[in-house]
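Chains as they are written, first to last, in my numbering: chain U, 12 to 238; chain P, 12 to 238.
Treat the hints as calculated values from the structure; they're not laboratory data.
Any given hint could turn out to be false.
Repeated chains share a single entry, so a pair holds when one copy, or any two copies, can fit it.
Said to hold, decoys possible - Derived lysine-lysine pairs resembling BS3-like cross-links, with alpha carbons at most 30 Å apart: (1) Lys21 / Lys197; (2) Lys23 / Lys123; (3) Lys197 / Lys79; (4) Lys150 / Lys197; (5) Lys162 / Lys123; (6) Lys21 / Lys162; (7) Lys23 / Lys150; (8) Lys150 / Lys162; (9) Lys21 / Lys54; (10) Lys123 / Lys79; (11) Lys94 / Lys21; (12) Lys94 / Lys123; (13) Lys150 / Lys79; (14) Lys21 / Lys123; (15) Lys54 / Lys150; (16) Lys123 / Lys150; (17) Lys21 / Lys150; (18) Lys23 / Lys94; (19) Lys54 / Lys79; (20) Lys162 / Lys79.
Number of protein chains: 2
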Amino acid sequence: MTHYSEEMNKLKDTILAMASHSESAVARAMRALVERDDPLALKVEEDDNIIDQFEIEVDDIALHLLTKAPLATELRFITVAMKISQNLERVGDEACSIARRAHDLGQEPQLKPYIDLPRMATMALEMLRDALSAFVERKPEVARTVIPRDKEVDDLNRQLHRELSSYMVERPTTISRCLALMVISKCLERIADHATNIAEEVVYLYEARDIRHAGLKENHEAENPGR
Amino acid sequence: MTHYSEEMNKLKDTILAMASHSESAVARAMRALVERDDPLALKVEEDDNIIDQFEIEVDDIALHLLTKAPLATELRFITVAMKISQNLERVGDEACSIARRAHDLGQEPQLKPYIDLPRMATMALEMLRDALSAFVERKPEVARTVIPRDKEVDDLNRQLHRELSSYMVERPTTISRCLALMVISKCLERIADHATNIAEEVVYLYEARDIRHAGLKENHEAENPGR
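Based on the provided sequences and hints, a complete structural model is requested.
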């Protein structure tokens, strides 16, 4: 039993280490964008394999724990850990995608100072951190605070999309840069989605109530107010 | 044991039913686009909750099976089923996203006949079907044929992105339509990514070799040939 709970702790620690790498990848990709730091952008892409390796490690530990006939609550914890790891791996992919656009944008003059994108990044990263700490500290109430914040990031993404669209119409020479910025905005929106997925899993885990897709539905309607 | 294998079959059947709904959502969203069928686009969005319900059902069956101390091979099968279901749920989300753009595009004159997008959709759906049949028929060799096809869909998406970018520069009045088409192209590319994820899980399941992220790495390099 001691050995078993040691392995459960290892699962938790590995998720936390993975989360810290994923968060740092996003933060560094954004710094590469804002500071036009091309070597840093490249580094983010190179380091993505570390996050990928973590996903495999989490799966290995989880599968091993599952062979030991865990209790129902432990079982849920283990499967949620696997889902969280899948979401973190995708956060890493989004960070790479941001880094790639940061590289592209570094080849051209800067369009204007970045304000909304760093703000979105800060919001998405806070959501991610709160969802993860809710997981390890068994605080579903913290996870619940994450879910409504997804809408704010969605709104910022939509607003930026509209602004950039108009800008492109007025100044077609900026189209390629505007497109790159739209991609980055969408990546940040997706990172917030992953944080929300994790938060929903954590609520499900500790409150034994399935709120997945309830939250999604709300966002859906918000995205189509006229329908 | 009979009861147990009945439940394993139910898990498989539920995944197949879910896959059929997800595939149909993509096919109908594309038909809504090509035939400018707005009620169909709306229907795709409405029906997304059916796919969401399937995800919850798969999880419930899987969690119940996991409480019964399955053998190591069964255990892997069950966790892979949960991952497949998560990918299928996201395929449903991409279908909704396509349907939403089909609705937007239906409000404006058509830019030009759609050729590449339906082609991409056909490719992505074939990948999805092959990955799923590899899963149920225990054929990792079929799953292996899916993985390299992801690059073809990626290439088509990149090509279309380039074409639409140039088109926008030449005719700024088409920008909003071009952006909608870019989003659809990206959605199809993501559906192919989900098919690839499923295929990689199936190879891992039946060949006990982890090929996840090996494939991803190749794509990564392909996407940045100059780096």
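Hint check results:
In the homo-oligomer, the alpha carbons of lysine 21 and lysine 197 never lie at most 30 Å apart, since the shortest distance is 33 Å inside one protomer and 37 Å across protomers. In this assembly of identical chains, the alpha carbons of lysine 23 and lysine 123 never lie at most 30 Å apart, being 42 Å within a copy and 52 Å across copies at closest. Taking the closest pair of Cα atoms, lysine 197 and lysine 79 never come within 30 Å of each other, the shortest separation being 41 Å inside a single copy and 42 Å across copies. For a Cα distance limit of 30 Å, the shortest separation of lysine 150 from lysine 197 inside one copy, 29 Å, qualifies, whereas the shortest one across copies, 36 Å, does not.
Proximity of lysine 162 to lysine 123 under the C-alpha cut-off of 30 Å is restricted to the intra-copy arrangement: shortest distance 26 Å within a copy versus 34 Å between copies. Within a single copy, lysine 21 and lysine 162 get their C-alpha atoms no closer than 34 Å, and across copies no closer than 36 Å, so neither meets the 30 Å cut-off. Taking the shortest alpha-carbon separations for lysine 23 and lysine 150, only the intra-copy value of 15 Å comes in at or below 30 Å, while the best inter-copy value is 34 Å. Proximity of lysine 150 and lysine 162 under a CA criterion of 30 Å is satisfied intra-copy only: 22 Å inside one chain copy versus 42 Å between copies.
Within a single copy, lysine 21 and lysine 54 get their C-alpha atoms as close as 28 Å, which meets the 30 Å cut-off; across copies the closest is 46 Å, which misses it. In this assembly of identical chains, the alpha carbons of lysine 123 and lysine 79 never lie at most 30 Å apart, being 56 Å within a copy and 59 Å across copies at closest. Taking identical chains as interchangeable, the C-alpha atoms of lysine 94 and lysine 21 lie at most 30 Å apart whether they share a chain (16 Å) or sit on different chains (22 Å). In this homomeric assembly, lysine 94 and lysine 123 never come within 30 Å of each other (Cα to Cα): the closest approach is 38 Å inside a single copy and 41 Å across copies.
In the homo-oligomer, the alpha carbons of lysine 150 and lysine 79 lie at most 30 Å apart both inside one protomer (26 Å) and across protomers (28 Å), since each shortest distance falls under that limit. Taking CA atoms no more than 30 Å apart as the test, lysine 21 paired with lysine 123 passes in neither setting, with 45 Å inside one copy and 56 Å between copies. In this assembly of identical chains, the alpha carbons of lysine 54 and lysine 150 never lie at most 30 Å apart, being 34 Å within a copy and 38 Å across copies at closest. When the C-alpha separation of lysine 123 and lysine 150 is checked against a cutoff of 30 Å, the pair qualifies neither within a copy, at 41 Å, nor between copies, at 53 Å.
In this homomeric assembly, lysine 21 and lysine 150 come within 30 Å of each other (Cα to Cα) only inside a single copy, at 19 Å, whereas the closest approach across copies is 34 Å. Both within a single protomer and between protomers do lysine 23 and lysine 94 lie at most 30 Å apart by alpha-carbon distance, with minima of 13 Å and 20 Å respectively. In this homomeric assembly, lysine 54 and lysine 79 never come within 30 Å of each other (Cα to Cα): the closest approach is 39 Å inside a single copy and 45 Å across copies. In this assembly of identical chains, the alpha carbons of lysine 162 and lysine 79 never lie at most 30 Å apart, being 40 Å within a copy and 39 Å across copies at closest.
Of the numbered hints stated above, those contradicted by the structure are hints 1, 2, 3, 6, 10, 12, 14, 15, 16, 19 and 20, listed in ascending order.
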